[in-house]
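Fit chain C to the known structure of chain A by using the hints.
Protein chains in written order, with our numbering: chain A, 1 to 180; chain C, 1 to 212.
Hints listed in this document are in silico derivations from the structure and should not be mistaken for laboratory results.
Backbone N, C-alpha and C define an ideal beta-carbon position, used for all residues, glycine too.
No false leads were mixed into what you were given.
Facing chain C, from chain A, some residues (calculated, C-beta under 7 Å):
hint : residue
1    : 6
2    : 18
3    : 24
4    : 34
5    : 61
6    : 115
7    : 127
8    : 132
9    : 146
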Amino acid sequence: MELSFVDRIVSAAPSRVFQNPMINKGIDWIGKNISTPENKLILGATALASQPFIDLNNKKVDKKTRQISCYRTVARIIAGTLTGVLIRRGFINLVKHNSFVGKEFENTFKSFFTPSEAKDYNYAYKQYQNSMGTGLALVTMFITNFAIDAPLAKFLTNYLVSKNLKSIGNKPKEVLDGRT
Amino acid sequence: MAELKVVWERQKNRIFKKYSKDVGRLITNATVLGMATACIAQMLAIVCNKDIANEQKKYLVPQELADGTINVLLSYILIGTVSAISKKFVSTGKWVTPAIEKCVKKHTKLGEVEIGKISTNLEDVFEKKSKEAQSEFDTCYGNFKNGISMGATTLASIAACNFIAPFGRNEFASWQQKRLLKEDVKKENKTQIYQNNKTYNLSQGNRGLLKI
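Here chain A stands alone, though its shape is the one from the complex (with noise of 0.2 Å):
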């Protein structure tokens, strides 16, 4: 039988064995602790470090150009995270105090999301309240995108621009314009 792609990267990697129980317990940690909005927070943060450096050194357009495009990134990067990781906890903290399992919860609330075929909480139960709530936290963000991401991103954009405009090089009133 041929093996797929998956496979043979698996087979040809050495087995381990993690001995270190500080790395286990990080690992385990890890599992437990850190979802979607974890997830975000530290994409957020790493992309602070490292896209708007990317920005300011792209030679091949002009300097103002580089300048607006290294604000505009920051600016949105604050937004998208922010509106993102609030979302996220905010959904999935709604879902784990309302699916709770076990007969006395049977039509109420507390149980509206809990799944028929869910028996009992384990670490299988935990990522399904986790992936209910991130699902809930997507479907109000196709709103909250446009109604507070994208002008929260403007904002913050046209903020940054006017507080830097000497190093853009341009008078207030022509930059606002747009004329050069």
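Below, chain C alone, put in the same frame as chain A:
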């Protein structure tokens, strides 16, 4: 009302089956959907922002489009692949902890499971075991698998979204801006030539009237 309840129940069970044991797939799909909607919203915001010059818009809009497209493609190709590989490493037993090895040896017969073989799937093996065995397996296996999957997909996301995508989008946006500016210059030149010809023809047109 009863039909809605049935549909809702089906959706909950579908999400429970699909994502409860597959954190990597959740991260991949969440990244794709998030990037796609954010890209569309940001492009609209740039176009409607009167405080950004048209010259900069010719760079920023293609940049945003390229960013969204590259991020979506990389999410499926890179993050999806890394997620599948990390899942396989753990489910086959290629990467294990001493606790998982001990649990497998305790609850399986000699030769039943070959830890590290590509065809082995520890989750399938323990699904058929007693509740006590499943519970003990979940305790040592679940968080380890999620931790490996989450760590791998996060690192892949950082590489894809914060390093590969920015370089790709800047290349595309620079090329697109140059192309659009060249077209603008051509249009300006055509308009200028037309204006010049109009002025010339107007000045020449009077001669005909003076003929005797």
